[in-house]
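J.: Based on the hints, put chain G in the right spot on chain F.
Residue numbers (the working numbering), protein chains in the order written: chain F, 1 to 222; chain G, 1 to 311.
Keep in mind that the hints were calculated from the coordinates and are not lab data.
Note that this is a predicted model, so its numbers are computed, not measured.
A hint or two may mislead.
In silico BS3-like cross-links for lysine-lysine, where the CA-CA straight-line distance does not exceed 25 Å [to be verified]:
#1 G/K126 - F/K162
#2 G/K253 - G/K126
#3 F/K57 - G/K283
#4 F/K68 - G/K125
#5 F/K5 - G/K49
#6 F/K23 - G/K49
#7 G/K59 - F/K15
#8 F/K68 - G/K126
#9 F/K57 - G/K34
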Amino acid sequence: MIQLKDITKRYEINKNNTITALKDINLEIKEGELIVLKGASGSGKSTILSLIAGLSKPTSGEVVIDAKHISKLPDNFASIFRRDNIGFIFQKYNLIPNLSVEENILLPLIPLNLDTKVAELKLQKVMDKFEIIHKKNNIVKNLSGGEQQRVAIARANVNDPKIILADEPTANLDKKLSISFIEILKQMKSSNKTIIVATHDPLFFGLDFVDREIEISRGNII
Amino acid sequence: MLLNPEVLTLLILDFVFAFFGIIAFILSVKIFLKWDLSSTSESQYRLEKQAFLASTIIKYIFLIKVPLFLFFVFTLDKIADVLVGAMCGAGVVDASGYGIYLLLLKILNIYIFAFWLTLHFNDMKKEQQPYTRLKFGVFIPIFFLFMAELIVEYFMFSDIDIHQMVDCCGTLYSNSSASYISVLFKINTVFLVGLFYGTYIAMFLSYLYKKRYIFSVLNVLFLFISIVSLIMFFGTYIYELPTHHCPFCFLQKDYNYVGYLIYVLLFVGTFNGIVCMFLDRFKTSLYFNSLYVVLVSSYVVVYYLKNGVLL
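Next comes chain F alone, as it looks inside the complex (with noise of 0.2 Å):
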């Protein structure tokens, strides 16, 4: 379970003009969970997402994850947190680009020490997965944006972990990409993974298949 609890999160500017980017959130999502989180460009949506990675800290207020005080973590160990439990989509795929598909995919699982055939049938499956395993020896530069879109997913996925963060994953996509992105959302909530999609995409709104969708306006739960 993720829990927020009385979450604010202020950038500060300069010493005289912070941005509140969130205000008093409370919110709980359950294992298993699709979550929609929309709202306008400047929400707080990237803001929650951010905070539920580790990535950032909040202003005030706290984030537990299966009883762990997320917000409270030292870096070195919000990290191995985040590689172990947590797969981040982005908007702009944040691949390297000079890299092969086979070679972004297998960024994560470095840290992992883990034995070379163990990583190849990782690798494998999840390239099988998301049907990009014809271009796995492509570099990522040279691929559409489409199948930029699915190497990072696979790379998000690659390490199987409970939860998958999506930051605005459709937002550098054409409407039959994102509707093709739709059906792996849905392929992976089958899969009993927490998905949490930050998105203003009008395309998420209504599916039968996520299970809360949240407006989030000015830093606020509407």
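T.: Same frame as chain F, now just chain G:
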């Protein structure tokens, strides 16, 4: 003496350390007084960020200060060349009234700084960082010792007058010395060497029986006994001269800089032994202490094999 390149290097570093040390001190006081890890308030999160900053500053100051002791010793040796009468660092230490206090303070501080670093690294290994408050609390008195060292260092180097003749180590470390060092010459050498090996064996036994407190106390004793026995007995075999007892000359090129190795082995070994009170460092301590014992003993053995007699 302040314009000597090595002295200038030390003083500039001291100035930089003092600047950052003061920032770390202010933050440490704040953290020590207000730290509450269970709190999720804004001020606690701010303190956590400040704790990271302060511990990084202190860590890097101490990580540089500990090996910088060797550079300090090297500097003493180097400036001995320009002081009339000085043959090695011993003469330089004696050239100023602050010298001996600085040397003792530096030795005390490297143990204290190393202790703080050990505490910090153990704190960082655990998710709950259980020693955070303690390490910043401990830093508060350490800061004053640290600043005292920087101030005494400045006074010592500014106090040295290159036109004034100083005593050489042969006079300072002799029976006729007017200082406290002459007291050492009243100790029976056989008794001293027996005490040295006896303490080492007792340390080994306390390791076998895992008596951590006894092991720590024996390491403190071993440090003092080792330094005295080095001056009174083992040093004479390094110099191959029964009358030469200087603890500085073997830091020089003529003796292949072996003094640096001797002191590093002794300090690392005894430091790890002393912290056994809190942490399991038995093996590291015994490893370095054993190397020290083998190294200093080898000079006696080699001398005996070459000459068929002892000094």
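J.: Decide if the proposed pair is consistent with the structure: F/K57 and G/K34, CA atoms, cutoff 25 Å inclusive.
T.: Distance ~19 Å between F/K57 and G/K34 Cα, so the pair holds.
J.: Would the hint linking F/K68 and G/K126 be met if the CA-CA limit is 25 Å?
T.: Holds, because 14 Å separates the two Cα atoms, which is no more than 25 Å.
J.: Going straight from one Cα to the other, do F/K23 and G/K49 come out at no more than 25 Å?
T.: holds (21 Å)
J.: CA of G/K59 to CA of F/K15, is that 25 Å or under?
T.: Violated: G/K59 and F/K15 sit about 28 Å apart, past 25 Å.
J.: If you draw a straight line from the CA of G/K253 to the CA of G/K126, is it 25 Å or shorter?
T.: Distance ~45 Å between G/K253 and G/K126 Cα, so the pair is violated.
J.: Does the alpha-carbon distance linking F/K68 and G/K125 stay inside the 25 Å limit?
T.: holds (17 Å)
J.: Given the hint that F/K5 pairs with G/K49, does the C-alpha gap stay at or below 25 Å?
T.: holds (20 Å)
J.: Quickly compare the C-alpha distance for F/K57 and G/K283 to 25 Å and report which way the hint goes.
T.: Cα-Cα ~40 Å, so violated.
J.: With a cut-off of 25 Å on the C-alpha distance, tell me whether G/K126 and F/K162 pass.
T.: Status holds; Cα separation ~24 Å.
This entry does not satisfy hints 2, 3, 7, going by the numbered hints stated previously.
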